[in-house]
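Undergrad: If you read the sequences in order, they're chains C and L. For the record, in the first sequence the residue sitting at position 212 is 238 according to the numbering used here, with numbers rising by one throughout. For the record, in the second sequence the residue sitting at position 78 is 75 according to the numbering used here, with numbers rising by one throughout.
Just so you know, these hints were derived from the structure itself, not from any lab. Only a predicted model underlies this, so the values are computations on that prediction, with no experimental measurement involved. Possibly wrong hints are sitting among the right ones.
Said to hold, decoys possible - Residues on chain C that point at chain L, a partial pick, calculated with CB under 10 Å:
| # | residue |
| --- | --- |
| 1 | Gly110 |
| 2 | Gly167 |
| 3 | Gly177 |
| 4 | Asn196 |
| 5 | Ala199 |
| 6 | Cys263 |
| 7 | Phe266 |
| 8 | Leu271 |
Built from N, CA and C at the ideal position, the CB exists for glycine as well.
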Amino acid sequence: MRLERSRVRAVVAVPAVAAVGALLVWAFVGLPDFGHYRGPYGFVLNRIGVPQRHTTNVVTAIVFDYRGFDTMGEEFILFGSVLGVVLLLRGRARDEAEEDLAKYTDAVSSDLVRVLGGLAAGVSLLIGLWLVSFGFVTPGGGFQGGVVVAGALLLVYAAGSFRAWRKVSNEEALDPLEGIGVGGYVIVGLAALVSGAPFLHNLLGPGKSGTLFSGGSLPFLNWVTALEVAAANVVLCAQFLEQCLAPHARKERSNS
Amino acid sequence: MTLVVATIAPLQAIAFVLAPLGATAVVFTRRPLRQIVVNGFYGLALGVLFFVLQAPDVALSMIVVGAIAYPLVVLSAIGRVRLRSGGKPKGREADGA
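With these hints in hand, go ahead and build the complete structure from the sequences.
TA: Structure representation (structure tokens):
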């Protein structure tokens, strides 16, 4: 029986691996030589990005300006998927678990983990905010920084307790923040429309290259994105954690 | 035009070797919890690769996905599955561990 199954697997896998392998070899042979970028777009943007927008990180200028509309779509993808998770998981079962969860105690007992974890949370929060704020000057931006901020808050659970985490992941505060994040992007886009320019057109003038006061309205898009990404990730973590911990909380409460 | 790197620098060569090694290690790690840790190192190796290829923004994205987003999803999935099979979370006072 076992032999048969492995034979079936081999019959399916060998041609598939061979076909994908052949396609890969074909693709790799056709690649340009190492370091020889063929598309003109990157060179053009590298040349005009800084003079036009005064943002020294051209990648962020592409994400929030030259391709700002695509980024709006990505934000809505994230918003929509988190909305889906919330709709699925915030059901009646969760409301019933609410009381158990509110009384759940699971503080980390190791002092070392608590202290180092607390320090790591603070440092990560600073790094996240720094990545967001300087995202258009140096590498970083709202997406990466937002995830780091969410990760810093998650450390409150990992090194602290579920009770402390519930305070920082308060859904009544986070749901509106997430909405403001995703809606703010559209509002910045509409502001351009109102002033007579195309949707999401960069306003406010380019500012001074290499400082926080550069990129026109791009920093606003950067910050609303950070808000959306951070809030979405924290909401997601909160939902998943509740799902994992609710049965433990119920058991603990019925034991006491 | 501006930046054409025709030869592979030593750091790039190291990163090019480390990334596939990391990927292979992930595949050959069978236990899910251990696999998350190995995958974290793989993400770091990819981050270093992107960094030495002058793509620090992509490197940052790779690191935040590999270090925060991916472990989070997999860990909560494992936690949920273990609950079904009657296991307990470890290292927390509530379980008297």
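Undergrad: The structure should be examined with respect to each hint, and the outcome stated for every one.
TA: So, going through the hints one by one against the coordinates:
no. : hint   : result
1   : Gly110 : violated (14 Å)
2   : Gly167 : holds (7 Å)
3   : Gly177 : holds (4 Å)
4   : Asn196 : violated (19 Å)
5   : Ala199 : violated (20 Å)
6   : Cys263 : holds (6 Å)
7   : Phe266 : holds (4 Å)
8   : Leu271 : holds (8 Å)
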